[in-house]
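Participant: The lines below spell out each chain.
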Amino acid sequence: MLHISRGLFEQIHCHLQRCYPAEGVGFLLGVEEKGHRYVRRIRDVQNEAEQGGGHDRYVVQPETAAHVEDEANSMGLSVIGVFHSHPDQEPLPSAFDLDRALPWFSYVIVRVDKGVATGSRSWRPQADRSFQSEELKIV
Amino acid sequence: MAQLILPTPFRHYAQGKKVVQVTGKTISEALWSFAEQHAEIRRHIFDAKSGELRPFVNVFVNGEDVRNLQGGTTQIEEGDELRIIPNIAGGRPAR
Chain H
79 MLHISRGLFE QIHCHLQRCY PAEGVGFLLG VEEKGHRYVR RIRDVQNEAE QGGGHDRYVV
139 QPETAAHVED EANSMGLSVI GVFHSHPDQE PLPSAFDLDR ALPWFSYVIV RVDKGVATGS
199 RSWRPQADRS FQSEELKIV
Chain X
23 MAQLILPTPF RHYAQGKKVV QVTGKTISEA LWSFAEQHAE IRRHIFDAKS GELRPFVNVF
83 VNGEDVRNLQ GGTTQIEEGD ELRIIPNIAG GRPAR
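Read top to bottom, the protein sequences are chains H and X. Under my numbering, the first residue of the first sequence is numbered 79, with each subsequent residue one higher. Under my numbering, the first residue of the second sequence is numbered 23, with each subsequent residue one higher.
Heads up, none of these hints are tricks.
List time: in silico DSSO-like cross-link candidates among lysine-lysine, alpha-carbon distance up to 27 Å:
no.: 1; chain 1: H; residue 1: 112; chain 2: X; residue 2: 40
no.: 2; chain 1: X; residue 1: 39; chain 2: H; residue 2: 112
no.: 3; chain 1: H; residue 1: 112; chain 2: H; residue 2: 215
no.: 4; chain 1: X; residue 1: 47; chain 2: X; residue 2: 71
no.: 5; chain 1: H; residue 1: 192; chain 2: H; residue 2: 215
Quick caveat, the hints were computed from the structure, so don't treat them as lab data. All values derive from a computational prediction rather than experimental measurement.
Please model the entire structure based on the sequences and the hints provided.
Facilitator: Structure, rendered in structure tokens:
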């Protein structure tokens with residue numbers, strides 16, 4: 079289960095709504111305890127996808143990912159996942175999401191319709207290269 | 023031996039370690055020395071068919087992207103610091 083405060087959840091939505099109609103992306107920083115994940119901070123980052131102006135893809139440069147990871151570690155946290163938007167589409171993982179998924183991470187996908195976040199789900203990659211839905215608890 | 027800094031998603035498969043020791047004369051050999059002990063993440067580093075480093079695996083040696091050096095054949099020395107940085111990418115289904 080992924081636990082996230084309402085305030086952080088709203089920050090995620092605000093960032094992704096600002097990015098619309100392009101996809102937005104950011105990182106979830108937090109801790110894992112006894113199988114539960116707790117998001118403590120988020121970090122918005124720029125979508126650096128060149129393809130289609132970022133409307134169908136998100137890409138984060140490795141230097142940016144390394145910086146966020148170092149920042150999380152310096153605060154005693156870990157990068158526990160990634161959030162991104164699917165503009166005008168369901169928050170279901172695409173084949174490309176699956177192809178590029180890293181093990182262990184939580185992937186929060188937010189549907190943004192006409193600039194408004196309308197639904198969110200969290201997913202965990204499995205060893206068989208599928209995604210399994212992860213309960214998202216807003217506290 | 024060189025040090026390999028792991029990204030968070032890989033640490034789970036290495037008993038939670040952030041840094042592991044690796045052996046080998048090149049980047050590919052060093053990564054393979056790690057990956058062969060951790061089958062779960064081998065497929066995230068090496069292409070299953072060709073055995074080559076996957077194109078979207080970012081590897082840095084002493085802060086330098088190995089793509090700017092000699093890629094997987096880049097020579098490494100005792101005490102070098104290697105780092106895998108995951109490629110973060112995805113996106114909605116094509117329409």
